[in-house]
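Colleague: Chain by chain, the residues:
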Amino acid sequence: MIPEIGLAALWLAAALAALQLLAGFIGARHDNAEIASLARPAALLQAILCGVAFLCLLYVFAVTDLSVKLVATNSHSMKPMIFKLSGAWGNHEGSMLLWITVMAIAGGAIALIERRLPEKTMMATLSAQSFVGLGFYAFLLIASNPFERLTEIPPEGNGLNPLLQDVGLAFHPPTLYIGYVGLSIAFSFALGALLTRNVTPDFARVMRPWVLAAWIFLTIGITAGSYWAYYELGWGGWWFWDPVENASLMPWLAATALLHSASVLAARDALRTWTIMLGVIAFSMSMVGTFLVRSGILTSVHAFAVDPQRGSFILALLVLYIGGALVLFALRASTIAEGERFSVMSREGALVVNNVGLSAILGVVLIGTLYPLFTEAFDVRVSVGPPYFNPVSAIFFLPMMLVLMVGPLLRWKSDNAGRIMKPLALIGAVMLTVLIRSLFYEDIGLLPFLGLVLAAGVAVASVAPLFGRSLRRTPLAIWGMCVAHLGIAVAMFGMAADTAFQKERLVAANVGDIVEVGPWTGQLDTVNAVAGPNWTAMQANLTMSYEGGPGQEAHPQSRNFWTPVMETSEVALLTRWNGQLYVAVGNQGQDGRWQLRLWWKPFVTFIWYGGLLIALGGALALVGRVASDLRRRRHADEEDMEDELAEATA
Amino acid sequence: MKQLRITLWIVVAIAAALFALFAYQLSQPKDDFVRSAMVGQQLPEFDLEPAFADRPGLSSADFANGEPALLNLFGSWCIPCRVEAPQLDALERQGATIHAVALRDREEDVARFLEIYGNPFTRIGRDDISETQFALGASGVPETFVIDGSGRITYQHIGIVTESDVPLLLEELRKAGSGS
Numbered sequence: 001m002i003p004e005i006g007l008a009a010l011w012l013a014a015a016l017a018a019l020q021l022l023a024g025f026i027g028a029r030h031d032n033a034e035i036a037s038l039a040r041p042a043a044l045l046q047a048i049l050c051g052v053a054f055l056c057l058l059y060v061f062a063v064t065d066l067s068v069k070l071v072a073t074n075s076h077s078m079k080p081m082i083f084k085l086s087g088a089w090g091n092h093e094g095s096m097l098l099w100i101t102v103m104a105i106a107g108g109a110i111a112l113i114e115r116r117l118p119e120k121t122m123m124a125t126l127s128a129q130s131f132v133g134l135g136f137y138a139f140l141l142i143a144s145n146p147f148e149r150l151t152e153i154p155p156e157g158n159g160l161n162p163l164l165q166d167v168g169l170a171f172h173p174p175t176l177y178i179g180y181v182g183l184s185i186a187f188s189f190a191l192g193a194l195l196t197r198n199v200t201p202d203f204a205r206v207m208r209p210w211v212l213a214a215w216i217f218l219t220i221g222i223t224a225g226s227y228w229a230y231y232e233l234g235w236g237g238w239w240f241w242d243p244v245e246n247a248s249l250m251p252w253l254a255a256t257a258l259l260h261s262a263s264v265l266a267a268r269d270a271l272r273t274w275t276i277m278l279g280v281i282a283f284s285m286s287m288v289g290t291f292l293v294r295s296g297i298l299t300s301v302h303a304f305a306v307d308p309q310r311g312s313f314i315l316a317l318l319v320l321y322i323g324g325a326l327v328l329f330a331l332r333a334s335t336i337a338e339g340e341r342f343s344v345m346s347r348e349g350a351l352v353v354n355n356v357g358l359s360a361i362l363g364v365v366l367i368g369t370l371y372p373l374f375t376e377a378f379d380v381r382v383s384v385g386p387p388y389f390n391p392v393s394a395i396f397f398l399p400m401m402l403v404l405m406v407g408p409l410l411r412w413k414s415d416n417a418g419r420i421m422k423p424l425a426l427i428g429a430v431m432l433t434v435l436i437r438s439l440f441y442e443d444i445g446l447l448p449f450l451g452l453v454l455a456a457g458v459a460v461a462s463v464a465p466l467f468g469r470s471l472r473r474t475p476l477a478i479w480g481m482c483v484a485h486l487g488i489a490v491a492m493f494g495m496a497a498d499t500a501f502q503k504e505r506l507v508a509a510n511v512g513d514i515v516e517v518g519p520w521t522g523q524l525d526t527v528n529a530v531a532g533p534n535w536t537a538m539q540a541n542l543t544m545s546y547e548g549g550p551g552q553e554a555h556p557q558s559r560n561f562w563t564p565v566m567e568t569s570e571v572a573l574l575t576r577w578n579g580q581l582y583v584a585v586g587n588q589g590q591d592g593r594w595q596l597r598l599w600w601k602p603f604v605t606f607i608w609y610g611g612l613l614i615a616l617g618g619a620l621a622l623v624g625r626v627a628s629d630l631r632r633r634r635h636a637d638e639e640d641m642e643d644e645l646a647e648a649t650a
Numbered sequence: 651m652k653q654l655r656i657t658l659w660i661v662v663a664i665a666a667a668l669f670a671l672f673a674y675q676l677s678q679p680k681d682d683f684v685r686s687a688m689v690g691q692q693l694p695e696f697d698l699e700p701a702f703a704d705r706p707g708l709s710s711a712d713f714a715n716g717e718p719a720l721l722n723l724f725g726s727w728c729i730p731c732r733v734e735a736p737q738l739d740a741l742e743r744q745g746a747t748i749h750a751v752a753l754r755d756r757e758e759d760v761a762r763f764l765e766i767y768g769n770p771f772t773r774i775g776r777d778d779i780s781e782t783q784f785a786l787g788a789s790g791v792p793e794t795f796v797i798d799g800s801g802r803i804t805y806q807h808i809g810i811v812t813e814s815d816v817p818l819l820l821e822e823l824r825k826a827g828s829g830s
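As you go down the protein sequences, you meet chains P and Y in turn. The numbering used here numbers the first residue of the first sequence as 1 and each following residue consecutively. The numbering used here numbers the first residue of the second sequence as 651 and each following residue consecutively.
I should point out that these hints are in silico values taken from the structure, not numbers from a laboratory. A virtual CB, placed ideally from N, CA and C, is assigned to each residue, including glycine. Check the hints yourself; a few may be wrong.
One-sided excerpt, in silico: chain Y residues whose CB lies under 10 Å from chain P [stated by the list, open to error]: (1) Leu658; (2) Val661; (3) Ala665; (4) Phe669; (5) Leu671; (6) Ala673; (7) Tyr674; (8) Met688; (9) Val689; (10) Gln692.
Reference excerpt, derived from the structure (chain P facing chain Y, CB under 7 Å, subset only) [unchecked claim]: (11) Ile297; (12) Gly311; (13) Ser312; (14) Leu320; (15) Leu326; (16) Leu328; (17) Ala333; (18) Ser334; (19) Ile336; (20) Ala337; (21) Leu373.
Quick list of simulated restraints, FRET-style, between CB atoms [as the list claims (entries may be wrong)]: (22) P:Val327 with Y:Ser677: 20 to 26 Å; (23) P:Ile142 with Y:Gly809: 21 to 27 Å; (24) P:Ser545 with Y:Ile664: 55 to 61 Å.
Looking at chain Y on its own, in the form it has when it is part of the complex:
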């Protein structure tokens, strides 16, 4: 009988622990995505061919010029990328430098995409085997990284850049520029 009572109090304790876990998780802000372990680290080495005739290709060295920049991963086949295009344009108009990596894409498709949805990009590299995407620790498209002037990743934005994200990204760029 005593053993039974101890077992039952253990059950109560387990339930209490579970409830505590639930409460803790509820109180945590919910972020729905897998963060890259690369945030805070130096960009991985890459050197990509141009994806589009009018823009040069992109290498990791291009980011080490002292100026913070955005790195956007997109694909002409990616519907959400069309949705975020106006916001990228807005970012560029407000002075952000945006480089891009086109993932698993064809030159003529990229050209058509940029013609329709606008081209806010300074440099566009092509990544036909998602090598750079994986090296960056990105889990999908679109994703946008903030890189500081030394080539260090300071922020990762996963998914569509919405209108409310524009000031947020500008703020992150400013922080990356001031070296904090």
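Here chain P stands alone, though its shape is the one from the complex:
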């Protein structure tokens, strides 16, 4: 019964999306307030219905209802509860339902909350949001029904890919999806503004918190994904430029650029067309990323359960939405009046550099990701990896970092460099010190070297806007900017330090053998078998000590899951403030020795601390913006009341 309720809720939600599309469209075009008044309730009800459908899916997974095909193919009654639940979105159909649900809830939220824009623009926005939504409803209901029943109920389910049976990963896809799909709001706002020719600073102010919220989730999602790949895959790397990773990075880059250009539009009424363009691009990148991952046209080596019908369906959606938005944009862009002008030496000037840099990196990642697809059309197979991505994106990243140090110190419209000489001198001095110190490290490579120097500069520069301010009176948004920029410095330092100074050892050890890596020494004490709820493992027990300090235990495992059968590596991590010891155990050799892989990764944790700081900065800025909006609204209300009082007394 429950699956049928879920399915019915979805169909109803799709019908409401159609109603919202029409009501919004007629409302925006013909000033028909009566019909337009249907759009907001439709969006709200749609959000509730999608929520219900998603809860139904969670329920069938929680009770392992094997009559539902999706549960039978992706779950197993022996799984721990948390992985039963996360199994609901750990597959194609479930994750598309999650996508729709997030999209409907985001649409419902703007319908409920947002009243600052002219009603016409708002109607066009809601109409656009439901137009995009309808395509995904069609996809879900026609080509990927999550509630499909089986006529023959199997005795047991197939289980979930063991790599995905991890607490961190259980919450990774929802986080990322909130980010991806949250950007649909920016897309709809951009279309709404284009359709009603209403690109104003107000529009940017309204859009900004929504983009910021999506961006925070995207940042956390990418950070968490990187950490997951780091400890779950057992290869010691934290970014592989894999198409799936790039698919999450591209919307982030576009959204980051959008946030910065939106603040130029909000503060200075400049970069109008560009901001609209980025609003369109950001969500387009989410959709392209989803297409690349889902259709399987790129992940040929790891292709699993790829369905060409699904690929064609998503492609049709891409053509409709991205193509349509771009054509509309090309037709309408010239009707958007040019914004205010500004000089190069100004906050806007710096933000333009930021935008150009981010867009260029986005281009670099996009080209690198699609290049194999392009050459394949000519029967040439290539794989594009770090040797391309690292240096080519660095070409744009490094100058961007230089501008990041200066930009926040500059005033809007125009400024002269003389005014900010003092902080610049400080930043320069710190960078020079680190540069001279770094020259003494041998063989650390050019990029790590530049990374260390720039990280030091950005770290100082990130807090420089706070110099000479009353810290208590500094707006939260400024704090947010400083924290986020500091996060970039921290993450960059982690990446540079790990790449430059990591030590790796691959040893074959008998029980009792001494093992060493970097400043760590220790021994392999025992190896024993351990069992979990749905796996067994060989566990190596090591006692490791850092520079002769007290011994710490490490227990890496080589796990064998039985539903489905798969071998995974559970690495052991010993974390210190200044880095991590990373131990993975492999198979036993024929001579009885165990393969151990040890890494000493100095400051590697800073990468993820940095990522979280960036997200925290976003959260501070969001709280600051929302709070000041609320304050403004209250003021406006009070003024209204005063006006009314004044009228009443007059």
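Please build the complex by placing chain Y on the supplied structure of chain P, with the hints as guidance.
Modeller: Here is chain Y on its own, set in the frame of chain P:
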């Protein structure tokens, strides 16, 4: 303004080109592997020592006897090779001649492997440095090549020979035998 409009239409054109590329790639049958450039060519020259006491070694000349044959690359250390062993046996029972190259292996391991999983091979050469593997343009193990009677490679099968591949390989052998 005009310049802007032209730029924007260029963006639209680029997007359209990308979509066309996506559509083209979607319509292509997906093959997941790197094909050897050697398919259609003469076998590279090799002459390998026996890998197993009961079978002679293998040289490229052994294939030029007028009869089509299969060439299987395997290793006793290779788990997928165990999985495909029953299918190779089935091929042999249905009349296929199968020669093999054991890659980076030891004689006693090969012997144990063949004892457990069966020995459908007529000749087994040993390639301790993967020289022949690379010369054949193979990217991994197991791989199975169809060689026609003149020593020309007519077909390459990458990965495990599954049950559904057995009739396919027999068909390829037949085609290689009829000289097409």
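Colleague: Against each hint, give a clear statement of whether it holds in the structure.
Modeller: Hint check:
1. Leu658: With Cβ-Cβ at 4 Å, under 10 Å, it holds.
2. Val661: 6 Å, holds
3. Ala665: Alanine 665 (chain Y) check passes; min Cβ-Cβ to chain P is 5 Å, inside 10 Å.
4. Phe669: 5 Å, holds
5. Leu671: 6 Å, holds
6. Ala673: 6 Å, holds
7. Tyr674: 6 Å, holds
8. Met688: 15 Å, violated
9. Val689: 13 Å, violated
10. Gln692: For glutamine 692 (chain Y), the interface hint is violated, since the closest Cβ of chain P sits about 22 Å away, which is over 10 Å.
11. Ile297: Status holds, d = 5 Å.
12. Gly311: Cβ of glycine 311 (chain P) sits 5 Å from chain Y, so the hint holds.
13. Ser312: Status holds, d = 6 Å.
14. Leu320: 10 Å, violated
15. Leu326: Given a least distance of 5 Å, the restraint on leucine 326 (chain P) holds.
16. Leu328: 10 Å, violated
17. Ala333: Holds, about 6 Å.
18. Ser334: 5 Å, holds
19. Ile336: 9 Å, violated
20. Ala337: Where the cut-off is 7 Å and the nearest Cβ of chain Y is about 10 Å from alanine 337 (chain P), the hint is violated.
21. Leu373: Since the shortest Cβ distance to chain Y is 6 Å, the answer is holds.
22. P:Val327 with Y:Ser677: 20 to 26 Å: 24 Å, holds
23. P:Ile142 with Y:Gly809: 21 to 27 Å: 34 Å, violated
24. P:Ser545 with Y:Ile664: 55 to 61 Å: 57 Å, holds
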